[in-house]
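K.L.:
Each chain, written out:
Number of protein chains: 2
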Amino acid sequence: MPSRLHGALERIDLAEKLASFDDAWNPRIVAELNGQEVRLVKLRGEFVWHSHADADELFLVLRGELEMHLRDRVVPLAAGDAFVVPRGVEHKPVAPTEAHVLLFEPAGTVNTGDASSERAGSLRRQDLDRT
Amino acid sequence: MPSRLHGALERIDLAEKLASFDDAWNPRIVAELNGQEVRLVKLRGEFVWHSHADADELFLVLRGELEMHLRDRVVPLAAGDAFVVPRGVEHKPVAPTEAHVLLFEPAGTVNTGDASSERAGSLRRQDLDRT
Chain F
1 MPSRLHGALE RIDLAEKLAS FDDAWNPRIV AELNGQEVRL VKLRGEFVWH SHADADELFL
61 VLRGELEMHL RDRVVPLAAG DAFVVPRGVE HKPVAPTEAH VLLFEPAGTV NTGDASSERA
121 GSLRRQDLDR T
Chain G
1 MPSRLHGALE RIDLAEKLAS FDDAWNPRIV AELNGQEVRL VKLRGEFVWH SHADADELFL
61 VLRGELEMHL RDRVVPLAAG DAFVVPRGVE HKPVAPTEAH VLLFEPAGTV NTGDASSERA
121 GSLRRQDLDR T
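Note that the protein sequences, when read in sequence, are chains F and G.
Read in order, the letters of the first sequence correspond to residues 1 to 131 in this note's numbering.
Read in order, the letters of the second sequence correspond to residues 1 to 131 in this note's numbering.
It should be emphasised that the hints constitute simulated quantities derived from the structure, not laboratory data.
Heads up, the beta-carbon is just placed ideally off N, CA and C, and yes, glycines get one too.
Please note that the accuracy of each hint is not assured.
[As the list claims (entries may be wrong)] Quick list of in silico lysine to aspartate or glutamate cross-link-like pairs, DMTMM-like style, CA-CA up to 25 Å: (1) 92/G <-> 72/G; (2) 42/G <-> 10/F; (3) 42/F <-> 10/G; (4) 17/F <-> 46/F.
[Unchecked claim] Derived coverage of chain G by chain F (criterion: at least 3 residues anywhere in the stretch with Cβ under 8 Å from a Cβ of chain F; other residues may be distant): (5) 5-18; (6) 25-34; (7) 84-95.
[As the list claims (entries may be wrong)] So, partial list: chain G residues that the calculated Cβ filter (under 7 Å) puts toward chain F: (8) 56; (9) 80; (10) 81; (11) 106.
All chains should be modelled from the sequences, with the hints used to inform the complete structure.
P.N.:
Printed below as a string of structure tokens:
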């Protein structure tokens, strides 16, 4: 029974997927479900302040450390921590070294949200290592 | 700016959440976003065959091993692996020892799907360790 959902019914080895690319701030879609996408991204350094008008966003740190800057505080996150940024809330992810992060958000969400930036990754399905 | 989303804008330490309960097959909701829920569950042994008519379901293995039984094959999963079961697809999760799993699925999804069973956990928000 072939599924039309990208990434469905197959083992998704997150470390393997992450090893298949190196560029930062350029999320790869590894699966989709219920109109949402699971993305993997490598973060290095500082992103731009932005918010998403219509999308809540989940960050799950798989490796490294991530500082989630909010307008009123900074939340330090480490591997094994998750964090949800509700729609409309300004945030700026900062990775002091390198962080590997799983994102969960609605399909089509632009990573820079309302901020126009050359940092907006050319989001693409991570099909490189599929046969 | 208080958020109405459960678990939003706070660090969610997955290991800490998992350490706060021990019963198997009883998912705890640790966050919600975009009408979806992030749940943590401990699996031990064999679950029931079931499917979800209207919900795709993501399994992300955090610890241990999980065998995802499908009608035509068994997919072995280990920590760091994710797996998406599309709506309508029969599946039976089996954990030979103990597995800790993050689930992502639409809010309100019953874990036994179409199978009636005493295994249907009394899904509840994981507020025990919040102050």
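K.L.:
Hint numbers the structure violates, sorted upward?
P.N.:
none
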